[in-house]
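Asks: What follows is the residue order along each chain.
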Amino acid sequence: MTETKTARLLAFALAATLISAGCARRDMSNEFFGQLEPPPGQTLRYISGSEPESLDPHMSSGQPEARLDIALYEGLVEYHPKTMEPIPGVAERWEIDEDATEYVFFLRGNAKFSNGDPITAHDFVYSFRRGLKPELASRVAYMAYELKYAEAYNTHGAFVRDPKTGRFLPASETPKPAEGGGEAGAQPQPASPAPHDEESLHRSELGKKGEDAAPDTEFHRFIHTPERLVVPADEKDRAKALKADPKLAALVEGKEFVPVRAEDIGVEAVDDRTLRLTLRQPAPYFLGLIQHQFFRVIHGPTVERFGVNWTKPGNIVSSGSHMLAEHKPYNQLVVVKNPHYWDAPNVRLETIYFYPLEDNTTMMNLYKAGEVDAVYNHTVPASWLKSGVRHVKDYMDAPENVSEFYVMNTRKAPMNDVRVRKAFNMAVDKQALADWRVVVKPSYSLVPGIFLKYPRPKGDGFDPERAKQLLAEAGYKGADGKFDPKKFPTSEVEINYNTNESNRQIAEFIQAQWKQNLGITVALRNTEWKTYLPMRSKLEYKGFARAGWVGDYMDPYTYLNLYTTKEGGDNGTGWYDPKYVAKLNEANREPNEERRMALLAEAEKMLLEVQPVLPLVIPATSWMKKPYVKGLYPNPQTLHAWKFVYIEHDRSKWDQRMPDMSTADLAELGR
Amino acid sequence: MTEDRTPQVPTEEGRSTEPHGSGQPALTPRGTPQSPPVSTRRGDEIHAFPEMAVGEGDVRTVDEDARAVSGTSLWKDAWRRLLRNRLAVFGMVVVILIIVSVIVGPPLIKAATGFQYDTMPGDSKLTQSFPPFSSPDGQFSATHPMGTDSAGRDMLARVLQGGRISLMVAVISTFVSLLIGITWGATAGYLGGKADDVMMRIVDVLYAIPYMMVVIVLLAFFGGRSPLQQIFLLFAALGAVSWLTMARIVRGQIISLKNQEFVLAARATGVSTPKIIFRHLVPNALGPVIVYATLTIPSVMLQEAFLSFLGLGVQAPYASWGSLAQEGIQNIAVFPWQLIFPGVTMALTLFSLNFLGDGLRDALDPQMRKF
Amino acid sequence: MFRFIVRRLIVTVPMVLIVISLTWALIRLAPGNFYEGEKKLPASIEKNIRAKYGLDQPMYVQYGRVMGNILRLDFGNSLRYENETVNDILKRTVPVSAVIGFCAYTLALVVGITFGTLAALKQNSKLDYASMGLAMLGISMPNFVLGPILVLVFSLSLYWLPPARWGGFPSWNILLPVITLSAVYMAYIARLTRAGMLEVLRSDYIRTARAKGLTERQVVMRHALRGGLLPVVSFTGPALAILITGTVVVERIFALPGLGNYFINANLNRDEPLILGIVAFASILVLIFNLLVDIAYGFIDPRIRY
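Protein chains in written order, with our numbering: chain A, 1 to 671; chain Z, 1 to 371; chain P, 1 to 306.
Bear in mind the hints are in silico, worked out from the structure with no lab data behind them.
Certain hints may be false.
[As the list claims (entries may be wrong)] According to the in silico footprint, chain A covers these stretches of chain P (three or more CB under 8 Å from chain A):
(1) 24-32
(2) 41-49
(3) 54-68
(4) 81-88
(5) 114-123
(6) 163-173
[To be verified] Some chain P residues flagged as far from chain Z (calculated, every beta-carbon gap over 12 Å):
(7) 19
(8) 38
(9) 71
(10) 74
(11) 76
(12) 92
(13) 103
(14) 107
(15) 126
(16) 127
(17) 210
(18) 215
(19) 217
(20) 220
(21) 222
[What the hints assert, rightly or not] Each computed DSS-like pair below joins lysine-lysine, with the alpha-carbon atoms no more than 25 Å apart:
(22) 515/A to 125/Z
(23) 125/Z to 393/A
(24) 52/P to 133/A
(25) 538/A to 52/P
(26) 110/Z to 486/A
(27) 605/A to 39/P
(28) 39/P to 133/A
(29) 328/A to 91/P
(30) 39/P to 538/A
(31) 91/P to 312/A
(32) 125/Z to 386/A
(33) 312/A to 52/P
(34) 441/A to 125/Z
(35) 91/P to 240/A
(36) 412/A to 579/A
(37) 39/P to 583/A
These numbers come from a predicted model, not from an experiment.
Just so it is clear, CB atoms sit at the ideal spot from N, CA and C, and this is done for glycine as well.
From just these sequences and the hints, can you work out the full model?
Replies: What follows is the structure, given as structure tokens:
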């Protein structure tokens, strides 16, 4: 072969690529992205994210699993398809006492599992107790720690009883250990304001709350006794805990230890259709929390019979609008309509195909080729948005219940100086970052601005001059007293992020910003995810580390409580302030919504003042759905209650733009 | 011509280049025979896929050995033959051109347009991907002959910078693989017997270990000082993986050489074992090794691209051709130039290297040159 | 022959055990674990998890358990996909990888041998140059570039073929991955065949065959191909082993539920039983395929004896 032939061959290959690429580009100007052929009947093909770790709602924590679990299981409450607010699920209605520590749910009489068994309060009791079982070792069990004694049970705790009097020691009698609780299995902080150790007194208080929606029971009286002291049940662990706290050791000397049982958790089936949940401390966000898959109801007999295999097709009994028909891991998961579901007449989708996929390019290819009808969030690459993809009519986005930020290692110089932390924050033009990423919003605080009632504190804005001044004050200055980038220990700071296209682009942008605004070139370092996590949580990184948090529920507290534990590096910042924790607890005790939000905002302000985090952007749920898919809304978490979704075969009724999100009335959704 | 082959060459897992019609290739039970001898041409099984190379090496025929012994004129002859091969010269010229432009290109671009591989425009309207030869308002402009990437950085500068990294990966990893592979393979081949058996089984075992885990562990323990250090570590890791096939090839060569008269003579005069291996045997085995080294380069470059894809590769804002192409693939439907330029540059380089490698092989092996 | 096979099989066992031990050590050395996520787990929950999976036991106990599992060829349940055993996963994913691999290799064999033989018969002709040039291009073109280009042309521009996903066998879905995967192999086989054929065509027995007055067709089909394909056979063993144990890049591009895809994710997720299971399976497979190739030699080339 001669050179000219080689050249010709290459030219041909190049031309072919360019031509085909050109074709693709022209399609972009179409009204919709790719093919528009609805599947026959009521069938939806949806890309749900990576392969679910488990279909057991107690054993998974992520959104990919949540999307499937919403179809398979129903909880007391369900997500509103537009606002994500709690709407009735298995529970028809509920009552909450005034300090938000007791929730009574009234279940509907026609709720059934997919095998026809009725769903009763006892099933919920079983589900909650099973999820918290220490031997199950659920990773998300902490979500239920708000239930009274749930943490004690999940962590092998024991009550302390005086053998002489038979009286259990209340938590309030203990000298408070150093803030934060210390060792594993330590006692939950007693947060209920008024500790009474006299049973009689307590009963009278109960009497005051006598309007309680459900009748008083023996369990109810027990659970309302003042919070008991809990110590580790395991002898070795207990010895360790007592050694660390001599006062506690003296107190429990000669006492007997009664392990906390599943029956001690604040979950009670008052009768078949009444469920009462008692919390250890006020939690006004609790209704939002129990939308999570962890709190959805599972069928006890099936679980007991099949053990770890209970979620396999053929074994599984589900409680949601759909039931499992087929599961081929890494390929597809098929659910079909559950005929026993209480709202079955209103469920329109007969079959949903969930495709587990991770690669955005592959997903968008499948979507464009019309092989799938909708995809999950963050699937449209940010760089495409400037090319016109944003203007196709099937593109969806909404401000998301997600915050994207950098954490800083506050234990290591130079970032242990708050002035340095603030300076680096001020030297990032977040507006420019947001403009570049197109649909995202600049963020100056930890909590995203999607909570309308939350008076979001405004952190420091873009101010490179002030940033330089702060750095000069921190000692990085030349002879003239002005900031001198050469004095800054550049090698002690880097931007760490886990490998991901979008993380890389943002890191490169931030790097360029600091280079431009401060004259400091910070190195970038990407690490594979599982290497990255321990490095961040053990504070083994220098400077900055990328973090993101998807809200577990629709309340600012889901973000603010990221920094409330002292153990384990506080999510990678090294910053912990008991005053901040106290402020959050105070907020949660506040029954008035507006005042509570104000208190939460005050707490966040405290956080922003010391700046252990560098807020970047509030992402947007950037995804697509074909116009014939109705009832799938761009909500803040991109979690969809499948019973509202259907395929519209009448072309004239297809969506011609992003669905209207202003009307939240369920009746208008065809209900 | 081969009837006088002295001892039956152990061709465990190997191939003899012995032409058909000669005596029966024998299986010598030195170690566990991996595969019987098979007759084929040298070089064609040594390919850009080290994991594909089955054998532990080629075995020379006697006339090649005679040539090998004849010393320096071999290299002169080979060079002359190489220059007569037009395709090989074409490959060599392209490779040299690419190396030169990768070295002098980035400073030239900086001088001409002010862009470096990591220069991001300050104006957010400019931080997006523009097609080749166009200005932000759609007019013709020579500022970005390859267009810009999604962050508005000059693709040409990035492709050239990526070339530096990719070519460095190629050179350093190949060097590491040569260093370890020759030492290990030559020692095993020369010592023979139990030692050979054990050493080659170690190679087999290492071959089966998932190298992704190796890279993860290496990066975790030695990585993280600076992006440049990580790149070098990556090179070392890649080299450390690709020496295995090299060791097999060297071993095969050494086995075929070690019973030659010149080695026997050296041994008789009391030359020490390391000296025999590295002074006498290795230089004579270099021909096929150099050829194989040329072919290792593309495979290492492709592996680097794959590691970058998994996040175990080069650190941003540095890029390699592989990582640029990976990024381009994601945007192929929207910004095809992001794939085409790094992809074509990479393919062109590999294409030329393959020609050069073929040419080198032919030049070093005149008998086969006509094919 | 029989003794040879038995001896080879016996050596396999300790080698696989060593491979597994080293892999296990690597997994334990690697940072991170299978359960950690974005939010740091409370220490108490971490403790429950460690107790459940026996991670709180001494290292030698854990190692012993791993080795015991390997010897029983039961790798236990995956850590990430809790209700699946590693054996289930292997049973499900190997056929997928194998179908794609076999199809790709068959395609590569048919095209590669055809063009390689033609090129050898018409040495230095245009056909020779063209097919060898294409082969060179095939070797130089990374499959992670080729795959997306094929998808762009055939799925996203022409809408002829599905761009990704497994649709069972046979289905249109496998066409693009098979072509992407076979390109490199096709190129190698064409080059190997051409080289092998050239050598054989000049050998004495072919000259004899021609002298006997056999037609060119008979010479090529009956005599030349047999000897000329030996290099292809030696290439086939390890190539097939690699193809069956999953071709990561293609499986990722086309989202196929094959072994390679699982293996990468198992590494990234630190899913110890799954990594060990796949490594054991793959190393056994490679050793067996090498053995099969050796046996195949005996049939193709009667001069080889054991």
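Asks: Compare the structure with each hint and give your call.
Replies: Each hint, compared with the structure:
{"no.": "1", "hint": "24-32", "verdict": "holds (count 3)"}
{"no.": "2", "hint": "41-49", "verdict": "holds (count 8)"}
{"no.": "3", "hint": "54-68", "verdict": "violated (count 0)"}
{"no.": "4", "hint": "81-88", "verdict": "holds (count 4)"}
{"no.": "5", "hint": "114-123", "verdict": "violated (count 0)"}
{"no.": "6", "hint": "163-173", "verdict": "holds (count 4)"}
{"no.": "7", "hint": "19", "verdict": "4 Å, violated"}
{"no.": "8", "hint": "38", "verdict": "16 Å, holds"}
{"no.": "9", "hint": "71", "verdict": "17 Å, holds"}
{"no.": "10", "hint": "74", "verdict": "20 Å, holds"}
{"no.": "11", "hint": "76", "verdict": "18 Å, holds"}
{"no.": "12", "hint": "92", "verdict": "20 Å, holds"}
{"no.": "13", "hint": "103", "verdict": "19 Å, holds"}
{"no.": "14", "hint": "107", "verdict": "17 Å, holds"}
{"no.": "15", "hint": "126", "verdict": "15 Å, holds"}
{"no.": "16", "hint": "127", "verdict": "15 Å, holds"}
{"no.": "17", "hint": "210", "verdict": "15 Å, holds"}
{"no.": "18", "hint": "215", "verdict": "22 Å, holds"}
{"no.": "19", "hint": "217", "verdict": "21 Å, holds"}
{"no.": "20", "hint": "220", "verdict": "16 Å, holds"}
{"no.": "21", "hint": "222", "verdict": "16 Å, holds"}
{"no.": "22", "hint": "515/A to 125/Z", "verdict": "19 Å, holds"}
{"no.": "23", "hint": "125/Z to 393/A", "verdict": "24 Å, holds"}
{"no.": "24", "hint": "52/P to 133/A", "verdict": "11 Å, holds"}
{"no.": "25", "hint": "538/A to 52/P", "verdict": "23 Å, holds"}
{"no.": "26", "hint": "110/Z to 486/A", "verdict": "23 Å, holds"}
{"no.": "27", "hint": "605/A to 39/P", "verdict": "22 Å, holds"}
{"no.": "28", "hint": "39/P to 133/A", "verdict": "21 Å, holds"}
{"no.": "29", "hint": "328/A to 91/P", "verdict": "12 Å, holds"}
{"no.": "30", "hint": "39/P to 538/A", "verdict": "13 Å, holds"}
{"no.": "31", "hint": "91/P to 312/A", "verdict": "16 Å, holds"}
{"no.": "32", "hint": "125/Z to 386/A", "verdict": "10 Å, holds"}
{"no.": "33", "hint": "312/A to 52/P", "verdict": "21 Å, holds"}
{"no.": "34", "hint": "441/A to 125/Z", "verdict": "16 Å, holds"}
{"no.": "35", "hint": "91/P to 240/A", "verdict": "47 Å, violated"}
{"no.": "36", "hint": "412/A to 579/A", "verdict": "22 Å, holds"}
{"no.": "37", "hint": "39/P to 583/A", "verdict": "22 Å, holds"}
The structure fails hints 3, 5, 7 and 35 (numbered hints given earlier, in ascending order).
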